[in-house]
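Going line by line, the protein sequences match chains F and Y.
Each residue of the first sequence is one higher than the last, beginning at 1 in my numbering.
Each residue of the second sequence is one higher than the last, beginning at 1 in my numbering.
Rather than coming from a laboratory, the hints here were simulated on the basis of the structure.
On a predicted model such as this, the values are computed, not experimentally measured, just so you know.
Each residue gets a CB set at the ideal place from its N, CA and C atoms; glycine is no exception.
Be aware that a few hints might be false.
Which chain Y residues face chain F? A few, computed with CB under 8 Å, are given here [to be verified]: (1) Ala170; (2) Val180; (3) Leu211; (4) His219; (5) Ser240; (6) Ala367; (7) Arg370.
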Amino acid sequence: MKPANPMYGLMAEFDSVEKLVAAARQAREAGYARLDALAPFAVEGLDDALRLPRNRVPLIFLLGGIFGGLTGFFMQVYSCCYSYPINVGGRPLYSWPAFIPITFELTILGAGLAGAFGMLALNGFPHPYHPVFNVPQFDLASQSRFFLCIESSDPKFDLEQTRAFLRSLQSLDVYEVPA
Amino acid sequence: MSATPTEIAVSRGSDVLAPGHTYTTVTDKITSVVLDRKSGVPWKVGVGIAAMLVIVLTAAVSYLFLRGVGIWGINIPIAWGFAIVNFVWWIGIGHAGTFISAMLYLMYQEWRTSINRFAEAMTLFAVACAGMFPLLHLGRPWEFFWLLPYPNTMWLWPQFRSPLVWDVFAVSTYGTISLVFWYVGLIPDLATLRDKARTFFGKIAYGFLALGWRGSARHWQRYQTAYLLLAGLAAPLVVSVHSVVGMDFAAAQLPGWHSTIFPPYFVAGAIFSGFAMVLTLAIPLRWAYGLKDFITIRHLENCAKLMLVTGLIVAYGYAAEAFYGWLSGNEFDMYMNVNRMTGPYWLTYCILIFCNVITPQTLWFRAVRRCVPALFVISIIVQIGMWMERFVIIITSLHRDFLPSSWGMYYPTFWDYATLFGTVGFFFLCFLIFVRILPAISISEMCELVHKQSGEGHKEAA
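Just chain F, same shape as in the assembly (with noise of 0.2 Å):
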């Protein structure tokens, strides 16, 4: 059972950040839609040279937030009001303003749970196992070294015109990544 296309993609190492930037615009540029770039820091411009979509995590950090909020509140106003009304010399079972502190604190705690786990699961996190560990030389990515991959899936994808021109692209190399 060997599938039909065992090879995950290329990968092209660079070793400074403009080089992977006008890289990763090139690539685009000459049609590649299926198309990754790995490094070791957030690297400025290459969302715009990937024409990456705008994220969905502050969404997420929002409705978060909203939930935890609406949650502190009302799950007060239930108790003081409903669930356990003390009457203390007649003041008001309804006392809002005491009710803020803790509505605040549910808002950030939803908002920052929702928003960092909802971040990890858009990543697809926890995600052990990918083509492109294979690679050795792929260690570097989270060091010293920034790459770019291509993958075999790609409507343009030629292994040898596309290895032709990543190499064309100022790379130090470019490595074959098993699936």
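Following the hints, position chain Y against chain F.
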């Protein structure tokens, strides 16, 4: 393998990063503390002392569980003794970590990069120490979950209008968000450690924690957004936490507590003591592991400046308290001030003024701010001073309130001291272990700093 060992980005040198550093040297230097170095003698001695103090803590807590809070010096009227003094002190120390990691990040202060990781770790361990005290003070600590709203057969709810209940939410949210923020920041560095680890166990452990991080541009994009938003959440959170702690006091009617200045003055005091702890930790850290290229004299100087600023706010707080006590014309408020300065606990007030008001004034001088041994000594003095401040606020206000017939005295017992120094040991033990198993400086952010300071970024923009 690679074609040429070229390194394009080389730091040109600035006051926050020494010249000549490349991505590789930065990564190697930070990871070597964890992966290559043997545990040196200073580290072993530190762990030995800290572990002994943790044993003392265990003994003190066990005896407390056995006998109850009567083993402490607390009584009526001084029902809040060392436990609450220590709680406020520890939680305050944690605040500088969040201040550095969140507020300075939002303000694009590049110098925070090399100190934020261990400052966040400091926050976590300080919150852990702080969290112990209110629980131990409960009387029946095993019923601690009664503090939380949960469906129960007693049909009871916490009193949500009480600042003490706000505190439960504030501190637990603070601890949780600090942990999440710290872990999110660690993920790319855990991947670096995974790739550099040589032992089987190291690869598995770091690989497991790194969750499969591979530095993909898509992941970085979401990661950056989440990190920024977490910083935006943590910044107001840190202000809210110590404000709520301040309101624990301000909401009471006791002279010396019932004051609107408490929340802001507590927040400033918290950051003041926190920066002192950052210096106490950073100075030995950079010395022991040769990190002076990354934690430069500029970092220490900036911490000293922030200590001076927050110290002045705290001094203003003391002055305002005394002034408004006098201005109020209220017999009890006026007596509280006189008693604080000349009563049985006058010495603690003098130590407080010496440590928190007089000592920080030396930081006006550049020579002092750049003298590392002096900073270390000042940082210890400030922490003692801030501990004294909480002692003064809690003990001297409680011990003589309105009616002389209800006055009393508080004398800490052996177990009070054992618990305090036990948590100091716990804090340092956690920190020493952290330094050896996780990168104490953020590798990915340092690489980004190398990139920015190498001139590469400028060419790109052109």
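The hints, checked one at a time:
Hint status for alanine 170/Y: holds, given a least beta-carbon distance of 5 Å to chain F, under 8 Å. Annotation: valine 180/Y was flagged as interfacial toward chain F, and the flag holds, the nearest CB pair being 5 Å apart, inside 8 Å. About 4 Å separates the beta-carbon of leucine 211/Y from the nearest beta-carbon of chain F, less than 8 Å, and the hint is met. Interface hint at histidine 219/Y: satisfied, since its Cβ lies 5 Å from the closest Cβ of chain F, which is below the 8 Å cut-off.
With a cut of 8 Å, the hint placing serine 240/Y at the interface with chain F holds, because the nearest CB-to-CB distance is about 6 Å. Because the closest C-beta pair between alanine 367/Y and chain F is about 37 Å apart, greater than 8 Å, the hint is violated. At a threshold of 8 Å, the smallest CB-CB gap from arginine 370/Y to chain F is about 30 Å, leaving the interface hint violated.
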